[in-house]
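These protein sequence lines map, in sequence, to chains A and B.
Going by UniProt numbering, the first residue of the first sequence is number 1, and it counts up by one from there.
Going by UniProt numbering, the first residue of the second sequence is number 1, and it counts up by one from there.
Just so you know, these hints were derived from the structure itself, not from any lab.
Note that the structure is a prediction, hence the values are computed from the model and not measured.
Careful: at least some of the hints might be erroneous.
Per the computed footprint, the stretches of chain B lying under chain A, defined by three or more beta-carbons under 8 Å from a beta-carbon of chain A, are [as the list claims (entries may be wrong)]:
1. 60 to 73
2. 106 to 120
3. 187 to 194
4. 242 to 255
5. 260 to 268
Dumping the calculated DMTMM-like pairs for lysine to aspartate or glutamate here, alpha-carbon to alpha-carbon at most 25 Å [as the list claims (entries may be wrong)]:
6. A/214 - A/168
7. B/187 - A/231
8. B/238 - A/262
9. A/294 - B/116
10. B/229 - B/219
11. B/117 - A/262
12. A/199 - A/116
13. B/149 - B/240
14. B/187 - B/199
15. A/268 - B/219
16. B/52 - B/194
17. B/59 - A/105
18. B/110 - B/194
19. B/187 - A/262
20. A/232 - B/240
21. A/77 - B/259
22. B/171 - B/151
23. A/268 - B/198
24. A/150 - A/81
25. B/141 - B/240
26. B/117 - B/194
27. B/187 - B/215
28. B/36 - B/128
29. A/201 - A/105
30. A/268 - B/116
31. A/294 - B/109
32. A/86 - B/258
33. A/138 - A/105
34. A/232 - B/219
35. B/110 - A/127
36. A/268 - B/156
37. B/110 - B/41
38. B/229 - A/231
39. B/117 - B/199
40. A/268 - B/221
No residue lacks a Cβ here, since even glycine has one placed at the ideal position from N, Cα and C.
Chain residues, written in single-letter form:
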Amino acid sequence: MKEETSNHSRRKFLKSFGISVGAAGVVSSFSLIGAAKAAAKKPAEMVNLLTQDGQLVQVDKNQLRPTVTEPLDELQKRGREGIPGKSFVMVIDLSKCRNARKCMDACQNHHQLRQDQHHINVLQMQDAEHTAPYFMPKPCQHCDNPPCTKVCPVDATFKRQDGIVLIDNERCIGCRFCIAACPYSARIFQWTEPKDAEKYKDLTYNIEANVPQKKGTVSKCLFSADRLREDKLPSCVSACPNGVYYFGDQNEDAVTNGTTGETVRFSKLIEDNAGYTLMEELGTKPRVYYLPPKNRAFEFNGDLLNEENLH
Amino acid sequence: MKNTMKNIAALFLIFVFSGSMANAQGWTVPASAKKKQNPYEATSKNISSGKKIYNIQCKSCHGDPTMANMLPLAPVAPTDLGAQNFLVQSDGEIFYKVNKGQGAMPAFEKTISDEDKWMVIAFLRSFDKNKKVKQQVAEVKNPEVTDVKLELNVNEEDKTMLAKLSGLTDKGKRVGLQGIEMSFLVKRSFGYLDVSGEDPYTNETGDVQIQFPVDLPGDREGQVNMLVKVTDDAFYGKLEEARVVTLGVPTDPVNPLDERAMWGTRANAPIWIIVTFVGGVLAIWSVIFMVLFQMIKLPKLAKSKD
Ligand code: SF4
Ligand code: SF4
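Build out the structure end to end from the sequences listed, making use of the hints.
In structure tokens:
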């Protein structure tokens with residue numbers, strides 16, 4: 001019962017917080033609009049602006065508009081709902097992974113993580129003494145029967161209609177039950193102030209990228225849900241130089257390779273290459289499929305820590 | 001004259017340099033492998049399918065042939081495969097290197113079929129200025145045409161599509177264009193799925209027919225967005241037609257949140273959990289209240305006993 005009440009006050013606080021943030025936004029936009037209106041009376045006055053590609057341009061002051069940012073509530077709502085009609089899946093081809101770790105870099109950039117924090121991690125695997133070693137990238141499996149969401153006492157982590165499992169770090173109380181529940185060790189905890197906390201402290205929280213990160217909350221792979229909304233492939237998928245990742249919509253039965261851009265039938269890819277999921281005996285029903293490391297596209301000398309293997 | 005001398009000198013230097021680079025990388029190709037010849041003819045058909053494979057498998061690192069827009073990898077950047085100093089090698093030499101790979105270059109021995117590799121080599125040879133293998137024989141020659149048109153015919157019954165490519169000759173006659181490769185692409189979330197099949201080349205009348213896959217999901221009504229185009233822009237410029245066709249299998253996307261499940265949030269929790277939980281809470285509180293109630297009753301009871 002205690003939990004209920006504390007949760008309630010927390011929500012109240014968040015509500016008032018949301019209102020004050022919203023109010024601040026309205027006030028500042030009023031002042032901008034005011035400035036624009038005032039400028040309208042004068043004869044056209046030009047201001048110098050730097051465009052994104054680094055060109056200096058002149059713009060009529062009357063034409064200036066404040067940029068529109070989605071308010072927190074709106075981001076939160078659509079982040080919880082997900083993208084209708086989609087069912088995202090990832091396929092990881094282990095025969096092509098050579099530990100380039102470009103996926104990890106791209107991910108850490110996107111989600112404001114430090115070098116030692118991983119939403120996706122390339123593991124060095126050797127299943128038994130006499131089996132061949134291989135590299136295995138391991139993101140959150142976005143389970144269809146996720147143990148992590150079952151244990152969250154405050155509904156902070158949840159599954160949406162497109163299959164993606166997200167965390168709302170505005171709700172997360174940092175109990176870390178979900179970390180204990182996840183059999184894939186996919187989740188990390190922000191023990192300290194996150195990277196660049198100072199720099200991003202004024203940013204509106206974007207639930208679909210889980211940025212800015214927050215001390216005392218949990219984070220994990222989100223399939224780059226914010227990029228998917230723009231029909232872009234997840235950061236890791238497009239960053240891989242070796243064609244390891246396929247990503248797509250299971251409802252369309254098609255996945256696209258992030259490196260080559262080639263689109264193939266999902267069912268056929270899995271069938272032809274004996275695709276499998278990790279620890280399926282647990283009944284978690286992962287959405288990340290693996291293709292076995294056979295017929296490798298590179299020579300593997302078995303020495304996992306050899307610099308030569310890092311391409 | 002001076003300029004040509006300079007050019008020759010530069011070429012020579014590049015040649016020597018690339019040679020030493022190749023040695024530095026230690027590409028040693030056995031003599032027997034070097035002797036191999038491309039068993040496939042350099043027809044425009046083979047070249048264009050080679051181009052297709054090249055764009056999927058090689059382009060991401062090597063860039064476009066002759067454009068020198070490869071990935072700037074360190075320490076050794078990928079070679080421009082359309083450069084003359086690369087193309088001086090024999091077919092067999094290139095084939096061997098593609099098979100074996102080296103350093104950052106993957107070995108494609110098992111990931112691309114031999115036939116596909118030879119197609120790519122045929123495509124690369126088309127940039128060879130020395131034309132060691134001369135462009136081959138017996139190709140269909142289409143007449144010079146203007147106003148090239150692409151027409152589409154969809155048969156929803158047996159899920160086939162017919163594309164017709166035609167142009168206007170200088171005599172004002174509309175003729176079919178033969179031997180041109182067409183691409184039939186289905187729009188998916190992150191790219192286009194190629195459903196052209198094995199042999200998507202136009203016949204003598206300029207027609208090409210493909211079988212749409214019988215089990216490819218469409219939207220609720222079975223509609224899919226198709227893009228049909230001439231694969232290689234080099235022939236007649238960009239020629240394509242986009243159309244919505246009802247050839248897919250009607251698919252109702254399942255919303256996992258429609259069902260109550262253990263993993264659901266409070267709103268989606270199974271009824272039995274809600275009932276047990278609420279029942280449990282009620283039971284505990286009623287016991288507490290009962291005890292309290294009895295305790296209040298105690299003094300009264302004591303009084304009445306007195
Ligand atoms: S992999 Fe772990 S964190 Fe991801 S959905 Fe499954 S249980 Fe949850
Ligand atoms: S750590 Fe946060 S997300 Fe995880 S179970 Fe606790 S409250 Fe939920």
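Q) Taken at face value, is the distance from the CA of residue 262 of chain A to the CA of residue 117 of chain B at most 25 Å? A) holds, 17 Å
Q | Satisfaction of hint between residue 109 of chain B and residue 294 of chain A, Cα-Cα up to 25 Å | A | Roughly 12 Å separates the two Cα atoms, so the pair holds.
Q. Does the structure keep residue 268 of chain A and residue 198 of chain B at a Cα separation of 25 Å or less?
A. holds, 17 Å
(Q) So if I understand the rule, the pair passes when the alpha-carbon distance is 25 Å or less; does residue 238 of chain B with residue 262 of chain A pass? (A) Status holds; Cα separation ~20 Å.
Q: Mind checking the alpha carbons of residue 187 of chain B and residue 215 of chain B for me, to see if they're no more than 25 Å apart?
A: With Cα atoms ~15 Å apart, residue 187 of chain B and residue 215 of chain B stay inside 25 Å; holds.
Q. Quick one, are residue 229 of chain B and residue 231 of chain A close enough, alpha carbons at most 25 Å?
A. With a Cα-Cα distance of about 23 Å, the restraint between residue 229 of chain B and residue 231 of chain A holds, given a limit of 25 Å.
Q | Pair hint outcome, residue 117 of chain B versus residue 199 of chain B [Cα-Cα no greater than 25 Å] | A | Judged against 25 Å, a Cα distance of about 18 Å means the pair holds.
**Q.** Given hint residue 105 of chain A paired with residue 138 of chain A - CA-CA distance at most 25 Å
**A.** Holds: residue 138 of chain A and residue 105 of chain A sit about 14 Å apart, inside 25 Å.
(Q) Using C-beta distances, would you say chain A covers the region 187 to 194 of chain B, given that this needs three or more residues below 8 Å? (A) That given contact holds, which follows from 7 residues of the region 187 to 194 of chain B lying within Cβ reach (below 8 Å) of chain A.
(Q) Hint check: residue 268 of chain A vs residue 221 of chain B, CA-CA at most 25 Å. Holds or violated? (A) holds, 23 Å
Q. For the pair supplied as a hint, residue 77 of chain A and residue 259 of chain B, is the alpha-carbon distance within the 25 Å limit?
A. Given that 25 Å is the threshold and the Cα spacing comes to 20 Å, the pair holds.
Q) Given as covered by chain A, does the region 60 to 73 of chain B meet the bar of three residues or more with CB within less than 8 Å? A) holds (count 3)
In the structure shown, no violation is registered for any of the earlier numbered hints.
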